[in-house]
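Visitor: Position 5, counted from 1, in the sequence shown is what numbering that gives the first Met the number 0 calls 4; the numbers after and before it change by one each time, with no gaps.
Simulated from the structure, these hints should not be mistaken for lab results. Warning: the hint list may mix true and false statements.
[What the hints assert, rightly or not] Using 20 Å as the maximum straight-line C-alpha spacing, the simulated EDC-like pairs for lysine to aspartate or glutamate come out as follows:
| hint | residue 1 | residue 2 |
| --- | --- | --- |
| 1 | Lys51 | Glu35 |
| 2 | Lys67 | Asp92 |
| 3 | Lys51 | Glu78 |
| 4 | Lys51 | Glu80 |
| 5 | Lys67 | Glu99 |
| 6 | Lys67 | Asp96 |
| 7 | Lys51 | Glu99 |
| 8 | Lys67 | Asp47 |
| 9 | Lys51 | Glu81 |
| 10 | Lys67 | Glu35 |
[Claimed, not checked] Derived Cβ-Cβ restraints for the label pairs, each shown as a range:
| hint | residue 1 | residue 2 | range |
| --- | --- | --- | --- |
| 11 | Ile39 | Pro17 | 33 to 41 Å |
| 12 | Ala77 | Thr38 | 24 to 32 Å |
| 13 | Asp96 | Arg18 | 38 to 46 Å |
| 14 | Arg61 | Pro29 | 17 to 25 Å |
| 15 | Thr38 | Leu100 | 22 to 30 Å |
| 16 | Pro17 | Val98 | 32 to 40 Å |
| 17 | Arg18 | Ala62 | 36 to 44 Å |
No residue lacks a Cβ here, since even glycine has one placed at the ideal position from N, Cα and C.
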Amino acid sequence: MSRPGYQLGVRRIDDRDPRTGAMPTIEHGPALGVLEIATIARGIVVADAALKRAPAVLLASRAVSGGKHLIMLEGGVAEVEEAMLAGVRAAGDILLDRVELAAADDQVWPML
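All chains, please: the whole structure from these sequences, using the hints.
Guide: Structural data, given as structure tokens:
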């Protein structure tokens, strides 16, 4: 599920308004889900399982320090909850941490 000017959490320079140079306004959430996985390979499997289970939007799926993998999802509350549940199941015992915010504050999104 993608929106115009929005692809996997990446903003492209060509998305700018040609008249003003401003980036498009992107509506997020309201829900945010984050999974930290102990290995990069399993992180990819977890992201795949989460996105196949529910129509959440993938904000990021990337390797982080120490060979870990971080996955960030957004979307409706039910979609993110369902995707997170599938991700937790796919991660098994190498899930390091998880965060679910049903109504992330607007000030949280720019930090991602």
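Visitor: Against each hint, give a clear statement of whether it holds in the structure.
Guide: Okay, the hints, checked on the actual structure:
| no. | hint | result |
| --- | --- | --- |
| 1 | Lys51 x Glu35 | 18 Å, holds |
| 2 | Lys67 x Asp92 | 14 Å, holds |
| 3 | Lys51 x Glu78 | 11 Å, holds |
| 4 | Lys51 x Glu80 | 13 Å, holds |
| 5 | Lys67 x Glu99 | 19 Å, holds |
| 6 | Lys67 x Asp96 | 11 Å, holds |
| 7 | Lys51 x Glu99 | 18 Å, holds |
| 8 | Lys67 x Asp47 | 16 Å, holds |
| 9 | Lys51 x Glu81 | 10 Å, holds |
| 10 | Lys67 x Glu35 | 7 Å, holds |
| 11 | Ile39 x Pro17: 33 to 41 Å | 39 Å, holds |
| 12 | Ala77 x Thr38: 24 to 32 Å | 29 Å, holds |
| 13 | Asp96 x Arg18: 38 to 46 Å | 43 Å, holds |
| 14 | Arg61 x Pro29: 17 to 25 Å | 23 Å, holds |
| 15 | Thr38 x Leu100: 22 to 30 Å | 25 Å, holds |
| 16 | Pro17 x Val98: 32 to 40 Å | 38 Å, holds |
| 17 | Arg18 x Ala62: 36 to 44 Å | 38 Å, holds |
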